[in-house]
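**Student:** Start from chain A and add chain B according to the hints.
Number of protein chains: 2
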Amino acid sequence: MNILIVGLGLIGGSYAKAFKKYTDHVIAGIDRDEKTLKNALISGAIHKIGDQNDIKNADLIVVSLYPQAAADFINANKDNFKSGAIITDSCGVKRAIYDKLDKSLFDGRVSFIGAHPMAGKEQSGFDYSDADMFNGASLIVTAENPQSEAAITVRNIALKIGFKRCTLCTPETHDKMIAFTSQLPHILACSYILDPLALNHDGYSAGSFQDVTRVAFINDVMWSELFLDNADNLSNEIDELINNLSAFKTALGERDRDKLRQLMIKSRELKEKT
Amino acid sequence: MNILIVGLGLIGGSYAKAFKKYTDHVIAGIDRDEKTLKNALISGAIHKIGDQNDIKNADLIVVSLYPQAAADFINANKDNFKSGAIITDSCGVKRAIYDKLDKSLFDGRVSFIGAHPMAGKEQSGFDYSDADMFNGASLIVTAENPQSEAAITVRNIALKIGFKRCTLCTPETHDKMIAFTSQLPHILACSYILDPLALNHDGYSAGSFQDVTRVAFINDVMWSELFLDNADNLSNEIDELINNLSAFKTALGERDRDKLRQLMIKSRELKEKT
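Keeping their order, the protein sequence lines are chains A and B. Just so you know, the first sequence maps onto residues 1217 to 1490 in our numbering. Just so you know, the second sequence maps onto residues 1217 to 1490 in our numbering.
Bound conformation, chain A alone:
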């Protein structure tokens, strides 16, 4: 296959390196930054710098841009992709991508399979990309028809480059779950570290402080777009968390040890099951 990676950041760069390491496909890369393109070529992450011909000849196009930019690229090239091409993305929201795409993309000439790799780092950019980034991770695949040939192709290639599994679901389910499993921990890490005591933690903290704050080293440009594209679900999740925190606070205020213990027993049981 001819594979084209659009956007050679942390995720796109990792896709390129993983395809190079684990498959024999021909990998072309596109990026708006000249230096990144040269780095990708020199480091062997891609076989070639992609151009208009590669857009036309690619069997699989992996668009690793932020949501609006991803939709813009796909819409601008919708008539350039070759017949039968499979287009996928790696955005952290899925309803917004489908909403922003030109409806003619779904007329059957090409296939769009929205995907979201459950892998990442606090750092961003090609320099941090890694051929083994996806090892053991899940790829969430939101095909309209999960049994379609295109969806199966995406899943098969994902399993070849390190993903442990593919989770198939609707864009709605994806966005609801990701608000809880990924977006909320990021909001949480930021909210926690905004506490005025954070700067004094040294000498008073251990593992749990580091665990909670790890993802506070956040890319505000990317995450603000992702949060706004999933604002309804994320607001619900923040509410849910505030309600649960408030239950602890109420029990504390009432000096109700039994209530505190019941909340913790339930938490521990849930942790054991997850």
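A portion of the hints provided could be inaccurate.
Each pair may be met inside one copy or between any two copies, as identical chains are not told apart.
[To be verified] The list that follows gives simulated cross-link-like pairs (lysine-lysine, DSSO-like), each with its CA atoms no further than 30 Å apart:
1. K1475 x K1337
2. K1237 x K1316
3. K1294 x K1482
4. K1337 x K1380
5. K1487 x K1294
Hints listed in this document are in silico derivations from the structure and should not be mistaken for laboratory results.
**Tutor:** Structure of chain B alone, referenced to chain A:
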């Protein structure tokens, strides 16, 4: 020195093993559970099972019980400790310990140095104790006079058994900081995992979900006591977190990308400094 460890759970057991591994002192152990005592002796964590004579002959007594039990043990034996003995504890709250102790303990015959090792595991009990539990960790020491001979003895021996540093502070500062650095992350982990979506996370989650939920595997008996002994500080910290979460929620509701970015930029700057 003759060292007596009272309570051979996760922390007391680790103290015993660390003293055995890194010093030549004679270690006696006391525990209400016969099986634990035998395990400790057979595994070589202690030289001997402690009795009334060891309470009388110990130069250093490390009381590793929950706060009320720790205070009860120390008060019950206040006239048995030998003159010049140093008594320390490992409780996660410090004001409550000082409050519960008989005031005659501070008349100069013995020294009480309240301490809190910033180390732990999700599991509890002697079976999980580890001679290297304290490697690289901080020991918070809340001596009335941090320059006293007893405080210096505690610090010196702590540095010998793996602690990287000793943080000296008042019980008030300890309790305020620990509400933020340790108690709040535990409340947070529980509050987060109480979300109805938690049981469906599989296939939709990655590192940040695991980070936030790690300490939800919680010992409800111990933590409910610690939370109630620090309820004022902990309530303030929950409020602070709810306020910051609410700031994100408000910005989301107003679709205010700039406000979201500002909150995240501030978070990232704080993360960089911590």
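**Student:** Give a verdict on every hint.
**Tutor:** Okay, the hints, checked on the actual structure:
| no. | hint | verdict |
| --- | --- | --- |
| 1 | K1475 x K1337 | between (38 Å within a copy, 24 Å between copies) |
| 2 | K1237 x K1316 | neither (33 Å within a copy, 63 Å between copies) |
| 3 | K1294 x K1482 | neither (50 Å within a copy, 39 Å between copies) |
| 4 | K1337 x K1380 | both (18 Å within a copy, 28 Å between copies) |
| 5 | K1487 x K1294 | neither (45 Å within a copy, 41 Å between copies) |
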